[in-house]
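*Asks:* Okay, here's what each chain looks like letter by letter:
Protein chains: 4
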Amino acid sequence: MEESSKADQLNALCKNSLIDNLGIEFLSAVEGEVIAKMPVDVRTIQPFQILHGGASLALAETVASAGSAMLIDLSKSAVVGLEVNGNHVGSASSGFVIATASIVHQGERTHVWNVEILDEASRKIMIGRVTVMVIEKKR
Amino acid sequence: MEESSKADQLNALCKNSLIDNLGIEFLSAVEGEVIAKMPVDVRTIQPFQILHGGASLALAETVASAGSAMLIDLSKSAVVGLEVNGNHVGSASSGFVIATASIVHQGERTHVWNVEILDEASRKIMIGRVTVMVIEKKR
Amino acid sequence: MEESSKADQLNALCKNSLIDNLGIEFLSAVEGEVIAKMPVDVRTIQPFQILHGGASLALAETVASAGSAMLIDLSKSAVVGLEVNGNHVGSASSGFVIATASIVHQGERTHVWNVEILDEASRKIMIGRVTVMVIEKKR
Amino acid sequence: MEESSKADQLNALCKNSLIDNLGIEFLSAVEGEVIAKMPVDVRTIQPFQILHGGASLALAETVASAGSAMLIDLSKSAVVGLEVNGNHVGSASSGFVIATASIVHQGERTHVWNVEILDEASRKIMIGRVTVMVIEKKR
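Those protein sequences? They're chains C, B, S and U, same order as listed.
Just so you know, the first sequence maps onto residues 1 to 139 in the working numbering.
Just so you know, the second sequence maps onto residues 1 to 139 in the working numbering.
Just so you know, the third sequence maps onto residues 1 to 139 in the working numbering.
Just so you know, the fourth sequence maps onto residues 1 to 139 in the working numbering.
The shape of chain C in the complex, shown without the other chains (with noise of 0.2 Å):
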């Protein structure tokens, strides 16, 4: 109850941002694990009708930095976007895709997360890595 819980937060406060304008759902949300689902139409397509790579980028950069905010002390630091990267390794033209972040590093300044967006089918979509910066409020 507490996972789904998570996600359901993550959701409601992505209401009115690109996240909510791509369609991406917050399946679950667990310390150093985020899963989320995009759907594969108008909202994300190209224009030859499969999902468009810049999608996928932003559905990556999405599960991680929601992995790297659950794991600061919001009201001390905030949590910035440093570097991001993908492959684009397959195609989708329907349904759903599925992202799932991994942290992989956690320092004191960075966190670096895989990424991996599979189809429904579990073929992979795209893997990439995000690179978070965890920055202090200034007080």
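Among the hints, a few may not be true.
Remember, identical chains collapse to one label, so a pair may be satisfied in a single copy or spanning two.
SDA-like, lysine to any residue: derived pairs with alpha carbons at most 20 Å apart [stated by the list, open to error]:
hint	residue 1	residue 2
1	LYS76	SER5
2	LYS138	ILE50
3	LYS124	LYS138
4	LYS37	GLU116
5	LYS37	LYS138
6	LYS137	GLY107
7	LYS15	ILE35
8	LYS76	GLU136
9	LYS6	MET70
10	LYS6	LEU74
11	LYS138	PHE96
12	LYS124	VAL80
13	LYS15	PRO39
14	LYS76	ILE135
15	LYS15	GLY90
16	LYS37	GLU136
17	LYS137	SER93
18	LYS37	GLN49
19	LYS137	LEU74
20	LYS76	SER94
21	LYS124	GLN106
22	LYS137	LEU71
23	LYS124	GLU33
24	LYS137	PRO47
25	LYS124	ILE103
26	LYS76	ARG109
27	LYS76	GLN49
28	LYS15	ASP41
Derived from the structure by calculation, the hints contain no laboratory data.
Please read these numbers as outputs of a predicted model, since none were measured by experiment.
For chain C, the structure is supplied; the task is to place chains B, S and U on it using the hints.
*Replies:* Relative to chain C, chains B, S and U alone:
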């Protein structure tokens, strides 16, 4: 006139896609350089009201892909995004951002583009690179 | 025995090259996974006596390229490194580091490898990704 | 004279390191731009007698790190390579390659450098980017 009409064609082609959904508008498209703008608004921001880094990456892949499509004979070949990366170096909270894709390598099999995204005051928002693969269509 | 002999073949092939110069030694090479070690010493350190990040990247490209070469018919095709990236997440000052390349995408035209470099205590030193292109030899 | 003496200092500092081992020589080092050359020979090639991509990445990280070290007060802070990436866009089989690191973002906490590596005929060999983190020394 040639130039603006090429951008107009791209804008027409991109209706009903992610590109349209993010409010991206092509401003100029010539051989080896494509320029487009994107609004910083409810369609592209993250929950803390600034431009979502993922929107920048989607914009970057959009301008590079459009640029590559212009360089090939689309009846014989297709282009697919292979690898995309970017550093977020500034934040934007209103107005527009402008992306310029400039080709740095035009090979037979791959194109590599540098993409720079600036805000309206010409401050750097993102610096990235997109690798596009050119694939011969099977007959 | 098969496994060690493949690694031995790679070590023999790499005499008189960067790989030899950095003291890289292949430990294991099977389909889809290649493991090699590299010393942290005067050949690979930076001026402040810790492993130079560039040595890690060279090691990463080495294991991925060897892995790709094993997957193709070298009489018909060749492999070339296309894009390489990595996050340095730890430092090493003595002994050896061990790199493992694991294939995440084996396409007809490209291979994508995840590479993880650990120190002898299994602490993470680098996390990276290598994209290799497979090119048909012209006849 | 200032400029050449800065490069000379870097060359002296880098004795007995990977940088020396690869035959890298700094040619020029001014604020925001560092240039160095590297031989294409037995120290830097792969088994098929062309420049090993990993040598290019090592060279890229070398020029960017040197550039960042020049921008900070080394008694108070240190620089560490965070993320490095590059596209190999040409091959070199003899002579030298020349790398130029140009700063694209100089923040308080991070520096981002574009690095371009050319051969002696000014053909592009690699295009990359290096993110350096600036860390305050603990007292």
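*Asks:* All hints are to be evaluated individually against the structure, with a verdict given for each.
*Replies:* Hints, one by one, checked against the model:
no.: 1; hint: LYS76 - SER5; verdict: neither (23 Å within a copy, 44 Å between copies)
no.: 2; hint: LYS138 - ILE50; verdict: between (44 Å within a copy, 19 Å between copies)
no.: 3; hint: LYS124 - LYS138; verdict: neither (41 Å within a copy, 23 Å between copies)
no.: 4; hint: LYS37 - GLU116; verdict: within (12 Å within a copy, 27 Å between copies)
no.: 5; hint: LYS37 - LYS138; verdict: neither (35 Å within a copy, 33 Å between copies)
no.: 6; hint: LYS137 - GLY107; verdict: both (17 Å within a copy, 16 Å between copies)
no.: 7; hint: LYS15 - ILE35; verdict: within (17 Å within a copy, 30 Å between copies)
no.: 8; hint: LYS76 - GLU136; verdict: both (6 Å within a copy, 19 Å between copies)
no.: 9; hint: LYS6 - MET70; verdict: within (9 Å within a copy, 45 Å between copies)
no.: 10; hint: LYS6 - LEU74; verdict: within (15 Å within a copy, 43 Å between copies)
no.: 11; hint: LYS138 - PHE96; verdict: neither (40 Å within a copy, 28 Å between copies)
no.: 12; hint: LYS124 - VAL80; verdict: between (27 Å within a copy, 16 Å between copies)
no.: 13; hint: LYS15 - PRO39; verdict: both (16 Å within a copy, 18 Å between copies)
no.: 14; hint: LYS76 - ILE135; verdict: both (9 Å within a copy, 19 Å between copies)
no.: 15; hint: LYS15 - GLY90; verdict: neither (29 Å within a copy, 24 Å between copies)
no.: 16; hint: LYS37 - GLU136; verdict: neither (31 Å within a copy, 32 Å between copies)
no.: 17; hint: LYS137 - SER93; verdict: between (42 Å within a copy, 19 Å between copies)
no.: 18; hint: LYS37 - GLN49; verdict: within (18 Å within a copy, 22 Å between copies)
no.: 19; hint: LYS137 - LEU74; verdict: within (9 Å within a copy, 25 Å between copies)
no.: 20; hint: LYS76 - SER94; verdict: neither (42 Å within a copy, 26 Å between copies)
no.: 21; hint: LYS124 - GLN106; verdict: between (25 Å within a copy, 11 Å between copies)
no.: 22; hint: LYS137 - LEU71; verdict: within (15 Å within a copy, 24 Å between copies)
no.: 23; hint: LYS124 - GLU33; verdict: both (18 Å within a copy, 18 Å between copies)
no.: 24; hint: LYS137 - PRO47; verdict: between (42 Å within a copy, 18 Å between copies)
no.: 25; hint: LYS124 - ILE103; verdict: both (19 Å within a copy, 12 Å between copies)
no.: 26; hint: LYS76 - ARG109; verdict: both (13 Å within a copy, 17 Å between copies)
no.: 27; hint: LYS76 - GLN49; verdict: between (44 Å within a copy, 19 Å between copies)
no.: 28; hint: LYS15 - ASP41; verdict: both (19 Å within a copy, 13 Å between copies)
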